[in-house]
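**Student:** The primary structure of each chain is shown beneath.
Number of protein chains: 2
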Amino acid sequence: MRTSQYLLATQKETPADAEVISHQLMLRAGLIRKLASGLYTWLPTGLRVLNKVANIVREEMNKAGAIEVLMPVVQPADLWQETGRWEEYGPELLRIKDRHQRDFVLGPTHEEVITALVRNEISSYKQLPLNLYQIQTKFRDEVRPRFGIMRGREFTMKDAYSFHITQESLQDTYDAMYGAYCKIFERMQLDYRPVMADTGSIGGSVSHEFHVLAESGEDNIAFSNGSDYAANVELAQTQQVESASVDGLQYVLVQAADENGEADANNWVLLVLAAGHTLNDIKAEKLSGVAAPLITANDETVSAVLGATSNDIDLASVKVPVFADYVVAAALKHQAYAEKITAADLRNIEAGDPSPCGNGTIEIKRGIEVGHIFQLGDKYSEAMGCGVLNENGKHEILSMGCYGIGVSRVVAAAIEQNHDEHGIIWPDPIAPFKVALIPMNMHKSQRIMEAAEALYAELTAAGVEVLFDDRKERPGVMFKDMELVGIPHSIVIGERNLDEQLVEYKNRRTGEKSLLQLTEVTAFIGGL
Amino acid sequence: MRTSQYLLATQKETPADAEVISHQLMLRAGLIRKLASGLYTWLPTGLRVLNKVANIVREEMNKAGAIEVLMPVVQPADLWQETGRWEEYGPELLRIKDRHQRDFVLGPTHEEVITALVRNEISSYKQLPLNLYQIQTKFRDEVRPRFGIMRGREFTMKDAYSFHITQESLQDTYDAMYGAYCKIFERMQLDYRPVMADTGSIGGSVSHEFHVLAESGEDNIAFSNGSDYAANVELAQTQQVESASVDGLQYVLVQAADENGEADANNWVLLVLAAGHTLNDIKAEKLSGVAAPLITANDETVSAVLGATSNDIDLASVKVPVFADYVVAAALKHQAYAEKITAADLRNIEAGDPSPCGNGTIEIKRGIEVGHIFQLGDKYSEAMGCGVLNENGKHEILSMGCYGIGVSRVVAAAIEQNHDEHGIIWPDPIAPFKVALIPMNMHKSQRIMEAAEALYAELTAAGVEVLFDDRKERPGVMFKDMELVGIPHSIVIGERNLDEQLVEYKNRRTGEKSLLQLTEVTAFIGGL
Numbered sequence: 001m002r003t004s005q006y007l008l009a010t011q012k013e014t015p016a017d018a019e020v021i022s023h024q025l026m027l028r029a030g031l032i033r034k035l036a037s038g039l040y041t042w043l044p045t046g047l048r049v050l051n052k053v054a055n056i057v058r059e060e061m062n063k064a065g066a067i068e069v070l071m072p073v074v075q076p077a078d079l080w081q082e083t084g085r086w087e088e089y090g091p092e093l094l095r096i097k098d099r100h101q102r103d104f105v106l107g108p109t110h111e112e113v114i115t116a117l118v119r120n121e122i123s124s125y126k127q128l129p130l131n132l133y134q135i136q137t138k139f140r141d142e143v144r145p146r147f148g149i150m151r152g153r154e155f156t157m158k159d160a161y162s163f164h165i166t167q168e169s170l171q172d173t174y175d176a177m178y179g180a181y182c183k184i185f186e187r188m189q190l191d192y193r194p195v196m197a198d199t200g201s202i203g204g205s206v207s208h209e210f211h212v213l214a215e216s217g218e219d220n221i222a223f224s225n226g227s228d229y230a231a232n233v234e235l236a237q238t239q240q241v242e243s244a245s246v247d248g249l250q251y252v253l254v255q256a257a258d259e260n261g262e263a264d265a266n267n268w269v270l271l272v273l274a275a276g277h278t279l280n281d282i283k284a285e286k287l288s289g290v291a292a293p294l295i296t297a298n299d300e301t302v303s304a305v306l307g308a309t310s311n312d313i314d315l316a317s318v319k320v321p322v323f324a325d326y327v328v329a330a331a332l333k334h335q336a337y338a339e340k341i342t343a344a345d346l347r348n349i350e351a352g353d354p355s356p357c358g359n360g361t362i363e364i365k366r367g368i369e370v371g372h373i374f375q376l377g378d379k380y381s382e383a384m385g386c387g388v389l390n391e392n393g394k395h396e397i398l399s400m401g402c403y404g405i406g407v408s409r410v411v412a413a414a415i416e417q418n419h420d421e422h423g424i425i426w427p428d429p430i431a432p433f434k435v436a437l438i439p440m441n442m443h444k445s446q447r448i449m450e451a452a453e454a455l456y457a458e459l460t461a462a463g464v465e466v467l468f469d470d471r472k473e474r475p476g477v478m479f480k481d482m483e484l485v486g487i488p489h490s491i492v493i494g495e496r497n498l499d500e501q502l503v504e505y506k507n508r509r510t511g512e513k514s515l516l517q518l519t520e521v522t523a524f525i526g527g528l
Numbered sequence: 001m002r003t004s005q006y007l008l009a010t011q012k013e014t015p016a017d018a019e020v021i022s023h024q025l026m027l028r029a030g031l032i033r034k035l036a037s038g039l040y041t042w043l044p045t046g047l048r049v050l051n052k053v054a055n056i057v058r059e060e061m062n063k064a065g066a067i068e069v070l071m072p073v074v075q076p077a078d079l080w081q082e083t084g085r086w087e088e089y090g091p092e093l094l095r096i097k098d099r100h101q102r103d104f105v106l107g108p109t110h111e112e113v114i115t116a117l118v119r120n121e122i123s124s125y126k127q128l129p130l131n132l133y134q135i136q137t138k139f140r141d142e143v144r145p146r147f148g149i150m151r152g153r154e155f156t157m158k159d160a161y162s163f164h165i166t167q168e169s170l171q172d173t174y175d176a177m178y179g180a181y182c183k184i185f186e187r188m189q190l191d192y193r194p195v196m197a198d199t200g201s202i203g204g205s206v207s208h209e210f211h212v213l214a215e216s217g218e219d220n221i222a223f224s225n226g227s228d229y230a231a232n233v234e235l236a237q238t239q240q241v242e243s244a245s246v247d248g249l250q251y252v253l254v255q256a257a258d259e260n261g262e263a264d265a266n267n268w269v270l271l272v273l274a275a276g277h278t279l280n281d282i283k284a285e286k287l288s289g290v291a292a293p294l295i296t297a298n299d300e301t302v303s304a305v306l307g308a309t310s311n312d313i314d315l316a317s318v319k320v321p322v323f324a325d326y327v328v329a330a331a332l333k334h335q336a337y338a339e340k341i342t343a344a345d346l347r348n349i350e351a352g353d354p355s356p357c358g359n360g361t362i363e364i365k366r367g368i369e370v371g372h373i374f375q376l377g378d379k380y381s382e383a384m385g386c387g388v389l390n391e392n393g394k395h396e397i398l399s400m401g402c403y404g405i406g407v408s409r410v411v412a413a414a415i416e417q418n419h420d421e422h423g424i425i426w427p428d429p430i431a432p433f434k435v436a437l438i439p440m441n442m443h444k445s446q447r448i449m450e451a452a453e454a455l456y457a458e459l460t461a462a463g464v465e466v467l468f469d470d471r472k473e474r475p476g477v478m479f480k481d482m483e484l485v486g487i488p489h490s491i492v493i494g495e496r497n498l499d500e501q502l503v504e505y506k507n508r509r510t511g512e513k514s515l516l517q518l519t520e521v522t523a524f525i526g527g528l
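Quick mapping for you: the protein sequence lines, in order, are chains B and Y. Residue numbers for the first sequence follow the working numbering, beginning at 1 and rising by one. Residue numbers for the second sequence follow the working numbering, beginning at 1 and rising by one.
Among the clues, some could well be false.
As the list makes no split between identical chains, a pair holds if one copy fits it or if it spans any two.
[Claimed, not checked] List of simulated lysine-lysine pairs, DSBU-like, C-alpha gap at most 35 Å: (1) 434 x 183; (2) 126 x 434; (3) 52 x 12; (4) 394 x 12; (5) 183 x 472; (6) 126 x 183; (7) 286 x 365; (8) 444 x 34; (9) 52 x 63; (10) 394 x 472; (11) 513 x 126; (12) 34 x 52; (13) 34 x 97; (14) 52 x 183; (15) 434 x 63; (16) 12 x 365; (17) 52 x 434; (18) 379 x 97; (19) 63 x 183; (20) 365 x 506; (21) 340 x 444; (22) 12 x 506.
What the hints contain is simulated information worked out from the structure, not anything from laboratory work.
Chain B on its own, in the form it takes in the complex:
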């Protein structure tokens, strides 16, 4: 591709409203443009990356035995009514009416559609297991779209749904998908981790998230240094301890719940943590007698209820129920009032804590969720009556798995993990081009133009994806643009080196430079 016949669309200025580095770089490097809040057009360079990501996903899904289909973006409401999600789902589900005033949704996910399909197509256990996937446009009407395509409204997902007559079969496919996901992110040369996860509102029991590690990640992940254990910090349990000392205590007064779990406006519960620890809301909300979602008392209420400020509480005289984190409970176990304290897991796990798996200690890293696999069980198949005749000729409801990858999100996550002050640094397998060919002042030098054209023809004929910068620009502008776009390998053709039939090779990631014979460039690039 010649830049003169391409839409490079690089920008010097960092856009003011782009908060995260991937969003800034995707705009500056000409990967995307905003059409409206949460809606982006993929420019040529961005789409090349997106297509490479999609193709790797497709190849590994096929290898793992999944079969590709394509479902509509627009889905009829009646299927969502069958599962109850028409009512349950919040305003992220964009509900629309067609010209005949019939209800539809713009699909944020396709459990309903695929389950309806399989309900009609599959009648015998002999046709199972079946794992169907698509790479397709989804819509989620985020209240505050942000971070560019990282949390956009329209996005590209790979979503797969598997159907089974036994738990063993579901587990087999789940394991195969786990393996395929590992291969997918390995092939993209991303530093990633599979992480035990909560199944959340989608339902089911077993679930893993796949995270690309990056300092800017929204999620904190707890790893064991002595095992494969990895879990979202919110979910990692801390362990009961025999003894502990603390440098001080933190108190949080929260609303109590009545017998029905409803907030009980006149009663309160006191939570106690060691100084420096962080309250884990999810854990606190699961405590018996605590209202969920958590309602924290203001200073006035604290004074009224406890007769003291948060800094000045005497646990011995507190009259409300007290939950103390395991560490605090161990530190206070010899106090006279210890018996009115209930020990509980209240805090976020931290680096240095023993791993919940029993092996090693915990390290914390930040990650960006790019994939999620679930064992759904029969949540959707039961609600929609999706079953088959089993070996004994009896109708049996299927179990399901579902397996997502945020294809467009992977592009942003890869940038969060791979960039420097000059721009993006693409891993080769998802780079928009493998090689940037940069002739210096070509339009003033016939022999540089000839050498560049010949090398471009040779590399292209060898199947190498080359971005040939044939613009009438100063070399400095070209270097900066190619670095910003993040092409892994550059070949620079200049007068002085050309005297000796040499060109300069530069590696975008390492910064290493070397001189190559013109005649060996194609073989060198091919061998990278």
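We have chain B; now place chain Y onto it with these hints.
**Tutor:** Relative to the frame of chain B, chain Y by itself:
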């Protein structure tokens, strides 16, 4: 691919509500399933074809210098307000509101979005010409979706938009697209024709449609047998003739128009055609003094206005204005009342008419429109202020071309043109699989299973796309399914032939059968 691990989804019964053969066969051969009116899921076999069509389109667009982008399905209303299409477009444009009650549309086309993009990205004539395309999901809220994906609501389009500072540049890109479209349909081995077309509501001046010829086509196309001339029958002009004889006359009394072109309730105009010819409404509506759309008088009015029935009119005594088709005017030119007749092109061109191009005579065939190229001129760029600085540093509005292919529609059109009573007959380049491997009673014969497995492994290793029918089905069921699905080449492995290390080859299109040595199958298939 093994059928046992695939979703073949063939059906014996012809679905009752499928009117056209492509719709019937796409359902029966397991290519698509209906989700709701005009909304279809692409099953694995259908998606394989769709992806092959899309890839051929993509390759030829790239070769022709177009650059791929991807725009959102959901588009903000304000762009459609800028061009006035927010008001102009009918209810086919599905208007939606997001959670903040902001107006959006589900894009049926992307002129507004691309023009807004280019307006922001391109500032100099040096960056032109530019031809951007996408292969993407579109939505058109058809009042009566029918014929399956042929006239569905959600569909896959390739749409391209080019931008130019001169008419010559636009013409160059238009010609390049014309050439690319010819290559695309040639590569798909479809019998197609480029046809001169009306530009309709999308605006602009020069336009060609690309039609796949098929008896079931909705459009009649007039071809010259002496030149490349081809036009939609509605648009092909008939020629004035010097002399003619007619076997009788037809009379059509239509409402007159007043000076403002409005229907003039008390006045009428008489149109006269030769017996056997068909009135062309579009041509009649363009006649001076005739109301558009055409309003035809009922028998009572004919009697009141002309004092006779349509069968019994005496032209000599008619008091209203008379337009006669060229043929009629020539036949009556020696009549005393000839001077009150205005000669006009009133009828549809017919087989045997001289070609409007001056060379050859006309033949009529039916076609399915699968592509359309337009020179839009400045309709959108003017309305949206999309221009660049020209060589003299002055701001100049760009001219545009647009170029569409109905990617999903091509799949249906290919079937309309390529089928027989047994099912689909795919051209090789868009077939879901190249070879059907059919072992007879494999589950009862170890040596047939071994031969089939070995051949499957060999063909797959050679890069051939094989559908290996490893189901426990009777051979007759397998044969019927593979014919229905339309796989171009079949290899049948049976006991008797295997005694001599032979297999049977069958060509789906010609029905030819031949015996092949097991060892030569892969080379034979590779050479097809």
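**Student:** Looking back at the hints listed earlier, which ones does the structure fail to meet?
**Tutor:** 8 and 21
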